[in-house]
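S.K.: Residue numbers (the working numbering), protein chains in the order written: chain A, 1 to 288; chain B, 289 to 1054; chain C, 1055 to 1212.
To be clear, the hints were calculated from the coordinates, so they are not data collected in a lab. A few of these clues could be false.
Taking lysine-lysine pairs in the DSS-like style, the calculated list, with each CA pair at most 25 Å apart, reads [claimed, not checked]:
| id | chain 1 | residue 1 | chain 2 | residue 2 |
| --- | --- | --- | --- | --- |
| 1 | B | K667 | B | K310 |
| 2 | C | K1201 | B | K925 |
| 3 | B | K764 | B | K307 |
| 4 | B | K1052 | B | K925 |
| 5 | B | K460 | B | K667 |
| 6 | A | K256 | B | K310 |
| 7 | C | K1068 | B | K307 |
| 8 | B | K764 | B | K600 |
| 9 | C | K1201 | B | K556 |
| 10 | B | K1052 | B | K310 |
| 11 | C | K1201 | B | K713 |
| 12 | B | K667 | B | K600 |
| 13 | B | K435 | B | K600 |
| 14 | B | K310 | B | K725 |
| 15 | B | K764 | B | K853 |
According to the in silico footprint, chain B covers these stretches of chain A (three or more CB under 8 Å from chain B) [as the list claims (entries may be wrong)]:
| id | region |
| --- | --- |
| 16 | 37–49 |
| 17 | 80–91 |
| 18 | 248–262 |
| 19 | 267–274 |
Which stretches of chain C does chain A cover? Using the computed rule of at least three CB atoms under 8 Å from a CB of chain A, they are [what the hints assert, rightly or not]:
| id | region |
| --- | --- |
| 20 | 1090–1099 |
| 21 | 1130–1136 |
Here a beta-carbon is modelled for each residue, glycine too, at the ideal position from N, C-alpha and C.
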Amino acid sequence: MKPPPFDYVAPDTLEEALAVLAEHGDDAQPLAGGQSLVPMLSLRIARPAVLLDLNRVAALKGISAEGGALKLGAMTRQVEALTSATVEQTLPGLQEAVNFVGHFQTRNRGTIGGSISLGEPAAENPAFAVAMDADLELQSTQGSRVVRASDYYSGPYMTARTDTELLTSITYRPPAGARIGTLEVSQRRGDFALSGLVACLPVSGGVISDARLCWFGMGSQPLRARSAEAALNGASISGLDIAGRAELALQPPAPKDDSHATADYRRQAGRPVFTRLLIRLTGEGAAQ
Amino acid sequence: MADQLSAAPRFVGQSVGRKENKRFLTGRGRYVDDFVEAGMLHAAILRSPLARANITVDASAARELPGVWAVYTAADINDMFEPLVSVFGDAGPFGVRTVLAESQVSYVGDPIAIAIAEDRYLAEDALELIEVDYDPLDAVASISAAKSSPSCIPGRDTNLAFEMSLALPGSKEAFDAAATVVTARIAQGRISPSPMEGRGIISNPIMDGKLEVRLSSQNPHAAKSFIARSLRMQENHVRVMSPDIGGAFGQKFGVNRDFLATIAASLKLRRPVKWIEDKPEALQAGGHGRAEELELSIALDASGTMLATHFKVDDNGGADPVSAPGGLTQLMAMIHTGAYNIPTMMADCKAYFTNTCGSTAYRGPWAGETLIREITVDKAARAIGMDPVEFRRRNTVTQWPHKLPMGLMIDDVSPLETLERTVEKIGYAEFRAEQAKAREQGRYLGIGFGLCIEPTAISPGGGTDTAEVRIETTGKITAVLTCHSQGHSVETTMAQIIADEMGVDVNDVTIAFGDTDSITSGSGAGGSRQAVVAGGAAHIASGLLREKVFKLAAHFLQTEPDGLKLEGGSVVGSGPSAPSITLAALGKAANVATLTLPEGMEAGLTARYCYTPPPFTFANACHAAIVEADPGTGLVKVLRYVVAEDCGVMLNPAVVEGQIAGGVIQGIGNALWEEQHYDEGGNPSAGTYKDYILPISNDAPTIEYVHVCTPSKTPTGAKGVGEGGAIVGTPTIFNAVMDALAPFDPEFEQLPLTPSRILAGLRKTG
Amino acid sequence: MSDHDISLTVNGRKVARRVPARRTLLDFLRSDLGLTGTHAGCEHGVCGACTVMIDGVAMRSCLTFAVQMDGHAVTTVEGVANEDGSFHPVQQALHDNHGLQCGFCTPGIVMSLLSLTEGEQKASREEVLDAMSGHICRCTGYQGLHKAIAQLTEATHG
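Chain A with its partners taken away, still in its complex shape:
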C-alpha cells in the first residue's frame, strides 16, 4: 500500500501554484491536508504525474470577517476553524459541522478547502458550503471566478473546478438571524454520515425566510431540499409542522444501497435527523 511515483512541487506563492496547474492540467493533483488524497495515492486510485503541495502557499491561508461574511483561505485547517475566535463569532455553525469531520488527528491537518474540493457526498464541509450557498473562489493563470456552492457539485467527487483552476477561498454569508445547525447519523464518531443534514433557518419575528437545507450521505452529492425549503419560508417557528416538512425534505434524495446502509435506511433515518435538528433550531434558546 505505497503511493505510485510522482514529481513533487511545493511553491510558496499562488502564482507559482497556478502556473503548475496551467502547465500540467489534469496531470497535476493539488495536495491540501492530504487526509483523503494520500490514502487514494497509497491505494493507487489516484496517480498524478505531479503532486502540487499547497501547504507552503501563504496566500491560501487566513480567516477574516467583514460585514457579517466569513472568508476562509482554502488551506484553512479544520482545527484552525474550530479554534478561531473569528469563526466562533461570525459563524459558530461551521464549527459544529467541522467537529463531525474525521478525528482530532486528521482535523489537525485536513483543510476546509480540501474537503470542499474533494466533494465526498457523505462529507460535512461540502454540504455546509452548499447549505450556506457559500462563494467559492476559483483562480487560474487566466483569472478568477466565483462559483456558488449550490452550483459546484455535479456528482460524486465531481465539481465545477477545471483542471487548471484552484479553489482559493470560501466566503460564507450567513443570513441575518440565521439559526444554523448540523446533525448526522454515523456508526462511529468520525465516520461518514449514513444520513446528515445542514439547516440554515433565518428567523425574523418568529417567521422563517430563505431557509436552506442540505442533505449529505443521501445521494451522489450534497442535495438541497428545495421543496421543504419553500414550505418553510414564511412559516412561523411556533407550532411548525416539522414532521410534514420532513416528508417533503425526503422526496429529492435518491440514496443508493451500499455496504454501510440501504437506501431505505438512509431515507428512514433522515426523518429523525430532520425532525430532531429542526426541533432544536426552532425551539426556545436556539436564536443566536
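Starting from the known structure of chain A, arrange chains B and C on it as the hints suggest.
M.R.: Same frame as chain A, but now just chains B and C:
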C-alpha cells in the same frame, strides 16, 4: 510445598505492573517489520480482483523494471512445496492446496504472483506491470450457492467439505413430547480478526542449508514443523523466531500461502526477503472468522424445563481455510448445551468451500454455539412468558461434575453463581423499573444476559508446553518457555509464578520465548492456554529447580535439604542459627565455581518440565449489558456492562480484566459493527478500515467486574480467560437490543445489527 | 519521480536526507531513520498507530510525505521519555492503568495524549476522550486507556 516458601503466594494474585510496558511505551518493542537483515529484499503480492476466473499470467514486463529482482508465479514456485494441509494437522478435506493460484483464482485476494524488489514501493510498482488475463467464471460465495452449485475450487469435486448428523437417544421423543419448541436462527457477520499489526515474515536462507524465518506467529513451533513439512526440509534445519506480536486473536496461528510464497522467493534468490501484509490485504486475504449460519431448537416441557436441543450449523470455510473445515462445527455441537441441564440433543453440522477468503481461527472460534444458544434461550423465555433470568436460573446445572449429552465432563465451574452475582451487580429489578419509566419518555432501554462455559486450554492430542528454568551465575532466574504472547503479558505472569515458587522478587525473573532453536516444541499462544499450560509447566519446573537448589544448599550449609526454605533470594535453614546461603552464591558455585560442587553433582542449576494439561479446562462467565436503542436511527449505545467471570486462580487480576475487556469489546463489535460482507458475485464489502467498522474507544462502555474463583485442578489453579469475553459478549448485546426494542416486535437473523438492519427488523411501529 | 533534499528536526536533533517524493513520513522515520517505534498500522489514516507530532501537533505520519517535512519538527514516541529514560507522565499513566497489551497501537496513542495534555491548550477529559476516536486498539477494550486519561486530566486540571 507451601512450607518450603516463606509465605503464601506473594506475586500471584497481584496486579503486578507489566514488565513488557517499558519497551512498548518507549517505541522499543520489536515487531517483525522492525527487523532489517543485511541484503534484505521486499515482497509484494498480486491478488485476484475477481472471485473466480481462469487466468493466464505474463510477468515479463514487471521483471524488467529497474530495482525488481524477481517476479514469481505459480509455475516458478509451486513445485517447491508439498500439497498444502491443515496447520493443525487435522485430516479431512482441504481447500486450495497450492501456494500461488495456478490456472484458476478462487476468491478476491487469492495470491497470483509475488514481486521481489529493493523496496516495497518498487515491488508494488512491479505488480502493476504484471499482465493477467482473467476469464470470469460464476462465483459461489454464499452457503446457499455452495449447496446448489458444482465445485468452485480447483481440485475438488464437491463444495461440501464436512457433514455430521446425529440424534442422541431420546432426542426425537423429547421433541415429540415437548409442550413448546422454540427455534432461532442467526447468520454471523464475517469477522476480520484485524490485529493492528498485520501478518509479516522475513525469510532468510542461511548458506549452510538452513532457513531462518522471523514470523509474526502465535506458535513458532507449529510454524517450524509446518514450513519444514511443506518444503520437504529437515525440521531442525528450520528456525522460526517470533518476536513481539501486535495482536493476533487466532489469525496468526496459521502459516498462510503468502508466507510460503515469500519463503520460496527467498530460497530462489538466496537473499532475505520481507513481506508485510497491508490492511487491504488483511481484510480480503488475511482469513475470516465466524462465517457461519446457525439454528437452534429447544424443546421445553409445560413448566419451562429444557428437554432437548437440535443444533444446526453451516460453516463457510471459504477457498483456502487454514484448517480443515468442519472440525469446529463438531466442537460446537459437543458443547452447545453450555451450562444448561439438557439431557439429549440432535445436531446437523455442515461445512462448505466457497469463493471467499478462507476461514481462520478467531478468538473463541466455536463462539457460534454460545451465540445461538443464548439468543434462543431468550426467545424461549419470551415464548413461554417467563423472565429470561428466571428461565436461566431454572435450567442451569447445579451438580458438578456434569456430563454433556455427547459425553464431555465439565467440572470446576460456577455458572449459577456468576448468574446470580451478575443479576445483583447490575441491579436487575431496579433496571426493570427504570426501563418502564424510560419507555414512557420514549427512550428504549434493554437488558441482555449471556451465560457461558468456555473450554480453555483445549489440548485433545496432548498440547504440551515446556518451561526450562535456570539460575544464572548471579542468582537471577531465567525461564525459557514454549508459550508466546500476543499481548497476553506472559513475561509478567510467568515471572509471577516462578518468583513465588522460587522465593525471589518478580523483577529477578526474566522470561524468554519465541525462538524454536532455544527450546523444544510447544503449543504457543492461543486457545486461552498460557496460564494453564505454560503456567503449569513453569510451576512444576520451578518446583524441580527448588529441589536442586535445596540439595546444593544443603551441601554448603552442611545440613539436610528437608527443612530448608527459599525466601528473599536465599535458602534459609531452620533452627535458631538459621544458616543461609544466597541464590547468587549457589548460582556462582553451580555455573562457575563448579569444583566446589559435591562429587558427582551435575553442574548448572536448571530444571525443565514438559507439562501435559487435561484435554479440557473450563472457565465460565455470565455477562449482562444495558443498552439504549434508537428506533428512529437504529443506533445502539451500550450504557452498562457487567461481567462475572470464573477463571479460577487469577495470576494477575489486571491482566485477567484486560483479557476480558478486550474480548467483550470484540464481542460488541461482532454484534453491532464488524462485517466483511460478500455479495453474490463474491465481492467483499470492505477494502479499508473506513469500511470495516472496528470498535473505537468512544463506544466502549466501562466494564464492571465480579470475580468468582473455582480453581482448576491444574498446577496453578488457573483456567483460561482469553476468549470468553468475545464469545459471550455478542449474544449479551443481541439480547439487550431485542429487549430494548421489544415494543417494536423485532426480528433479526443476521449480524451485525447495523442501524440499517435494526430498522429493517422492526415489525411493528412503536 | 523527483528526489528532494530535506532537513528537519526529529526528536530535537537535526536530520538531513535526500528522499523520493512519494516516501511517506512514516516510512522515512522507520526505514531512513530507524525509528521503528512509529508503527505502520492501516496506512490510510484510520487506525492511528502511526501518529506523531508535527510542530507539536498530533498528525498521521502515513498521510504526510517526508518531503513535506522540510523545515519542520517531528516528535516520535522515541522522543517522549525523560532524559534519564524514566517515563513521561503520559507513559506512566498508561503503564499504571494497564492501558496497553500488545503495544502496537500504543506509540500513536502516546503521541495523541502528549499533544492533548502538553500543548498550549490543555484539553479537558471529555476532549481527550473524544480525540481517542482516532485510535484503534484491538486488545484492551480501551478500559485502561480511559483510566489513564482520567489520571492525566486529573493531574492537569487539579
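S.K.: Which of the listed hints are broken here?
M.R.: 1, 6, 7, 8, 9, 10, 14, 17 and 21
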